[in-house]
Amino acid sequence: MDEGLLAPQWLFGTGLASSLIGYVLFYLTDGDEGRKKSVRTRRADLKGAQVFITFTYGFSPVLKTLTESVSTDTIYALAAFMLLGHLIFFDYGANAAIASCTLSLNVAVFASVCLASRLPRSLHAFIMAMSAIQIFALWPILQKKLKACMPRSYVGVTLLFAFSALGGLPSLSAVGAIPFALLLVSISCLCPFYLIHLQLFKENFYGPWDEAEIKEGLSRFLS
Amino acid sequence: MLRGSSRDCGSPNAGKPEVPKAYCLRAPQGVPAVATVLHLEQAVYLRAAQASAGPAHARCQYPQGRGPCPADEVRALWAPCPPLTPAAACTLTPAEPASRKANTLVSVLLDMALGLLLLSWLHRKDRFAHLAEALVPVADRVAEELQHLLQWLMGAPAGLKMNRALDQVLGRFFLYHIHLWISYIHLMSPFIEHILWHLGLSACLGLTVALSILSDIISLLTFHIYCFYVYGARLYCLKIHGLSSLWRLFRGKKWNVLRQRVDSCSYDLDQLFIGTLLFTILIFLLPTTALYYLVFTLLRLLVVTVQGLVHLLVDLINSLPLYSLGLRLCRPYRLAAGVKFRVLEHEAGRPLRLLMQINPLPFSHVVRTYRLPSCGCHPKHSWGSLCRKLFFGELIYPWRQRGDKQD
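Line by line, the protein sequences give chains A and B.
Under my numbering, read the first sequence as residues 1 to 223, first letter to last.
Under my numbering, read the second sequence as residues 1 to 407, first letter to last.
For reference, chain B alone in the conformation it holds in the complex:
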């Protein structure tokens, strides 16, 4: 950590006449007059306590003796120092906008190069036809696996006891849905090759475009899983809300909407009876609904994870600051992390002379500082709220931004 001390910069001799005191930052080892690394935005104040001190100036130079650095890179403002006021401020400007444009340009060029590479690879061995031929059997296979899963659920899955009637109803409903989906896929199968070829053309716009299209295709192909998840979640949510409300009725209490609390309430006889009847029915049907909800939620989360990985890759390609990384490799002095001061002359009655050297930025800091703004499709809720939403059966929208219209 940086520690400041306003004392004489490394002068062991106190008996000499007063020299301008400097506010210098000491390294932890206690070596005076060599400043440690500052953060980019901080200012260094040189304080002179004596009125007799003349203006202090610093001379900066590139390492390896390449000559003084140009004024627009490091601007040092020096002023005559009245007593006990900051005498000089030396600030380093942050990254100028030009580097952001350069980063974006280089990223886009790399993106397009990778996309063209992908396109040429796809065209080489007529892979489009192979892909199209492989797609329909894959979709069929997925649907068949889903059917097996539903048959397993309709039996006695993992030894759990399910209500047979409800099981049959739900299972048949979902099986019919899958049947519709299979018919849809078979209907589309003659056109798939052409569609794929046209979509592949868009890869020349960049690899990120191709990856995004891949993510959308995954979305389309697993649309029935999304539908099942929504059905299961809505049913489960309804059940949970009904159960909580009826449980309050069971105990003789009611939710007071005005005061947002649970109050006691005297119900009528018929309300009590019907409420208890419904409560019993819902409680005994809960394991069945919960199991269906669990299975479909897991499937949906799997699909969301796969899509999330693709998005992450796209994000990475878009936001990596390649130009700045290249600059750091080739010309490290252009990206400054801080300055090092070294005292050159330190005599009484004469101005203080310091040598300033630039510390290059570490690579991790380069990436962190010059990163391009990504589209920000990180999930907005924490793990706790995610678990809570899963438990109560509320639908999860992984890529909905906070400002969007709520459902």
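This is chain A alone, in the form it adopts within the complex:
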């Protein structure tokens, strides 16, 4: 949008359409069970969306002039740092203490607001903020749902997402796209392959011949 390559209205329309599709998919994937179990009604969802849109639209003029006096390099560095934080703290499904979905979402929104303040008009800033919330907040929810219900399609969706990100990068800088592709391939394919390859050299095997270790408390027997 900064370079005029993307018309904001087109992005807004696409974003709206994709969020509607995602919403429908979300409720379709487990049929009626999900709707009965969840506490939120459709009305609450609509109200939430309305609150987002109103607030963001109201604050977009403020957002536009927020970082006028800060230099561009600082903003880029700050945004990169925050997005890195988003990647680190994201809840990938493993039981790690460092995962905190709140912090990752907040940091991502902070980064996107920083970037949005660089855009030429307040409408652009508003649309950028809306896209940010779609990508960072709504998409992971849908992803988790898909992973739980239809694991096979999950692989396809992930690949689609990765390729679209890869495809969007050369428009900004072709030089940056190549390391990104290499990084993606290495993390997704090479590292697991190496891990499995190293299993051959493993020397510590745990089996039923080891001493028993009490891992949990006895409270579940006492209750």
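Read the hints as simulated data drawn from the structure, not as lab findings.
Take these hints with a grain of salt, some might be off.
Said to hold, decoys possible - If you want a taste of the chain B side facing chain A, the calculated C-beta under 7 angstroms gives, among others:
1. 142
2. 161
3. 165
4. 247
5. 250
6. 252
7. 269
8. 270
9. 271
10. 272
11. 273
12. 280
For glycine and all other residues, C-beta sits at the position ideal for the given N, C-alpha and C.
Based on these hints, arrange chain B on the given structure of chain A.
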């Protein structure tokens, strides 16, 4: 320091028959039988271990041999001494109330004399008109300086980067305020001379009254600085509170009011998003607000310092014990710091005879002891709490007493 020892008062000869032992206080040099200076309220106990000791008495006299001191000044109670009990107590009474009344009277008289002097000096060369003429340009000058300061803040002060939009808003708001103030001063200018003349009359009630009125006039003239300080402080305080609360939301935690601690909390999606948005906005607007707050706080502290100095002067005039100081100069024996004992007769089988002399009080002790109670307008908080209040943007009330109603 005083050290006590219950031994024979300076008798080097142990072979003599028993003499009444006295609990005497030894000077650091180890010279026996001359007591060191006691504090005013302490009692001297003379202990006699022997039942055969007769009643001990002391004879006191003024220095330079003016005769024995009257009984109401130094009351010595002596009693026959049973063994191992305090035999006698000699107490010196503290300052009687009469001296406090005398101090107050002399202070008030001096105050009024100084006030009349000031009044006559003001009337001599028709200074009231000069003062009134000088006052309005001074107020104008102050307002102009403030305007320059605000223009400087609205630009790029000291190379700091400020948010332009907020800067403009705040700067224009304060400039309009100054404009109102200038109009008010110009409206009042015809009446100032009369007001000053009437206020000057009150100086005949005392210099302290004139100084207090001066302090109030300073308050009135810098009222707009006080207003700016309150606006800036409230804005800054709001921002700091908002930032701390939103920072907790950023990390996914919440303040638990019941337990007075920070707990983790699962927020809704819309709460998270709006909270982060507001947090970003507040953080980027923080330098601007902080700078305005800093500038106006410094101005307000300057005014408070000036007023504080005036109050200190008033306090000094009110609480200095002139009568007691004069008494110390002319008749030092009436203000006693302690007594000196000297052994006159020290023989076996006869009562112990001591000579008591009065030590005059040093001047610093006179001021400290006979000081009149001042109105107690010292700042109630320490430096640490002052810094803490400044950092969080809480308003500072320098002369609010502890028992007053809190805002």
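Status of each hint after checking the structure:
1. At a threshold of 7 angstroms, the smallest CB-CB gap from residue 142(B) to chain A is about 31 angstroms, leaving the interface hint violated.
2. For residue 161(B), the interface hint holds, the least distance from its beta-carbon to any beta-carbon of chain A being 4 angstroms, beneath 7 angstroms.
3. Interface hint status for residue 165(B): upheld, as the beta-carbon distance to the closest one in chain A is roughly 5 angstroms, under 7 angstroms.
4. At about 10 angstroms, the closest approach between the beta carbon of residue 247(B) and any beta carbon in chain A exceeds 7 angstroms, and the interface hint on this residue is violated.
5. Interface hint status for residue 250(B): upheld, as the beta-carbon distance to the closest one in chain A is roughly 5 angstroms, under 7 angstroms.
6. This hint holds: residue 252(B) has a C-beta 3 angstroms from the nearest C-beta of chain A, less than the 7 angstroms allowed.
7. Of the supplied interface hints, the one on residue 269(B) holds, with its beta-carbon coming within about 6 angstroms of a beta-carbon of chain A, less than 7 angstroms.
8. Nearest Cβ of chain A to the Cβ of residue 270(B): about 5 angstroms, under the 7 angstroms cut. The hint holds.
9. Contact between residue 271(B) and chain A, as hinted, is not supported at the beta carbon level, the nearest pair being about 10 angstroms apart and thus beyond 7 angstroms.
10. Contact between residue 272(B) and chain A, as hinted, is supported at the beta carbon level, the nearest pair being about 6 angstroms apart and thus within 7 angstroms.
11. Satisfaction of the interface hint for residue 273(B) is found here, the shortest Cβ-Cβ separation to chain A being roughly 6 angstroms, below the 7 angstroms cut-off.
12. At its closest, the beta carbon of residue 280(B) sits 5 angstroms from a beta carbon of chain A; the interface hint therefore holds under the 7 angstroms criterion.
Violated hints for the displayed structure, listed by number in ascending order: 1, 4, 9.
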